[in-house]
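Protein chains in written order, with the working numbering: chain A, 1 to 92; chain B, 1 to 247.
Treat the hints as calculated values from the structure; they're not laboratory data.
Some clues are possibly wrong.
With a straight-line cut-off of 20 Å between C-alpha atoms, the simulated SDA-like cross-links for lysine to any residue are [to be verified]:
1. A:Lys9 x B:Met85
2. A:Lys9 x A:Asp47
3. A:Lys9 x B:Pro180
4. B:Lys138 x B:Cys128
5. A:Lys9 x A:Arg19
6. A:Lys9 x A:Ile60
7. A:Lys56 x A:Glu28
8. A:Lys9 x B:Lys138
9. A:Lys56 x A:Glu87
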Amino acid sequence: MNTQHARHKLEQAVANDLRTNELGITVEMIGDRIVLRGEVASRERRDAVLTVLHEKAPEIDVTDELVISADDVRPPHGSEVIPPAHERTPDV
Amino acid sequence: MNVDTPMVRIAAVGDVHMADDLRGRYSSALAALPDQADVLLVAGDLTQHGLLEEAAAFVAEFAPCGVPVVTVLGNHDYHSGRESMIRELLERGGITVLEGENTVVNTPNGRIGVAGAKGFCLGFTGRCAANFGEVQMKAFTQHGIDSAATLRQAFDDLDADVRVALTHFAPITETLHGEPAEIWPFLGNHLLGEAIDAAEADLAIHGHAHSGTERGTTPGGVPVRNVAQPVIQSAYAVYELPIGARV
Chain A
1 MNTQHARHKL
11 EQAVANDLRT
21 NELGITVEMI
31 GDRIVLRGEV
41 ASRERRDAVL
51 TVLHEKAPEI
61 DVTDELVISA
71 DDVRPPHGSE
81 VIPPAHERTP
91 DV
Chain B
1 MNVDTPMVRI
11 AAVGDVHMAD
21 DLRGRYSSAL
31 AALPDQADVL
41 LVAGDLTQHG
51 LLEEAAAFVA
61 EFAPCGVPVV
71 TVLGNHDYHS
81 GRESMIRELL
91 ERGGITVLEG
101 ENTVVNTPNG
111 RIGVAGAKGF
121 CLGFTGRCAA
131 NFGEVQMKAF
141 TQHGIDSAAT
151 LRQAFDDLDA
161 DVRVALTHFA
171 PITETLHGEP
181 AEIWPFLGNH
191 LLGEAIDAAE
201 ADLAIHGHAH
211 SGTERGTTPG
221 GVPVRNVAQP
231 VIQSAYAVYE
241 LPIGARV
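All chains should be modelled from the sequences, with the hints used to inform the complete structure.
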């Protein structure tokens, strides 16, 4: 299959499979391997993405560069003061 | 701004995509919330697949946080066609859900008014769907147009000291930087920005763009903050707004 079509099918599998439904994952095909980029909330969701991809393309090696966003969620360090309306500078 | 100007404090996060695997991830971080903010706004995608058990997990995690929780739903919350039941479940848990509606939170320093609507796709100047052609294209476009009208309606009778727009979809492109420009029409809608400017809101909060940028401004000068959790990289962000500054 054409590389572009194969890449599209893998990205759609990750977006549409109920086990994943991850919409922001990109699949880059470099030679005979896949590089996965994007963000998921947990290690469990990363594993689910890898499972779905392995089912679709068991013969291809995967390099996982996914970022896990909610592994260690902490409160913010500070706050931001929003300027009052009369200090706004609208575009003209 | 005078250092003695009374301020209200608004915490916000979006796109928590709650499911069983995230139970317990937010609750400890939220313990500090009552010391930092008067209200928590959640900008949609409360759940991963729009399932009732995920909504129940969201309630269990966020409802006990010690401040009023005000939300809009996101596209993930609609995925299983159970958005009405999700709304009922959230409301039974004490969480406010807005869609073309507003609510006012009373704080010691003033009233925070929140006008909320999910919003929808459509696009922005130069990359925008048009109400033309096939019936499917017209339906897509019209839904984007209608979603902005829903946000306008939410502001109609909102009387408060500070007025905040809460959406899931983005109202401007500035907070989408980091996302591929090709998908911006699926991430937001310039008419939401027009609605926010028409309402002369004090702040606009949205989510949806996980790879976007936190800070931006509408063409009319309203501060916009993309609080998608992967963007703010914390349990919530806190914004302080002065009271009595409306002119």
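Quiz item: Is the Cα-Cα distance between A:Lys9 and A:Ile60 20 Å or less?
Solution: With Cα atoms ~14 Å apart, A:Lys9 and A:Ile60 stay inside 20 Å; holds.
Quiz item: Has the given pair, A:Lys9 with A:Asp47, been kept, meaning a C-alpha gap of at most 20 Å?
Solution: Roughly 19 Å separates the two Cα atoms, so the pair holds.
Quiz item: Given the hint that A:Lys56 pairs with A:Glu87, does the C-alpha gap stay at or below 20 Å?
Solution: Judged against 20 Å, a Cα distance of about 55 Å means the pair is violated.
Quiz item: Within 20 Å, alpha carbon to alpha carbon, are A:Lys9 and B:Lys138?
Solution: 27 Å, violated
Quiz prompt | Hint consistency between B:Lys138 and B:Cys128 [alpha-carbon to alpha-carbon, up to 20 Å] | solution = Measuring from Cα to Cα gives roughly 13 Å; hence the hint holds.
Practice problem: Verify the proposed pairing of A:Lys9 with B:Met85, using a straight-line Cα cut of 20 Å. | Solution: With Cα atoms ~33 Å apart, A:Lys9 and B:Met85 exceed 20 Å; violated.
Quiz item: Keeping to a limit of 20 Å between CA atoms, is the pair of A:Lys56 and A:Glu28 held or broken?
Solution: 15 Å, holds
Exercise. Take a quick look at whether A:Lys9 and A:Arg19 sit within 20 Å of each other, Cα to Cα.
Key: Roughly 16 Å between the alpha carbons, so the hint for A:Lys9 and A:Arg19 holds.
Quiz prompt | Pair hint A:Lys9 and B:Pro180, alpha-carbon separation not exceeding 20 Å | solution = 19 Å, holds
In this structure, the earlier hints numbered 1, 8 and 9 are contradicted, and the remaining ones agree with it.
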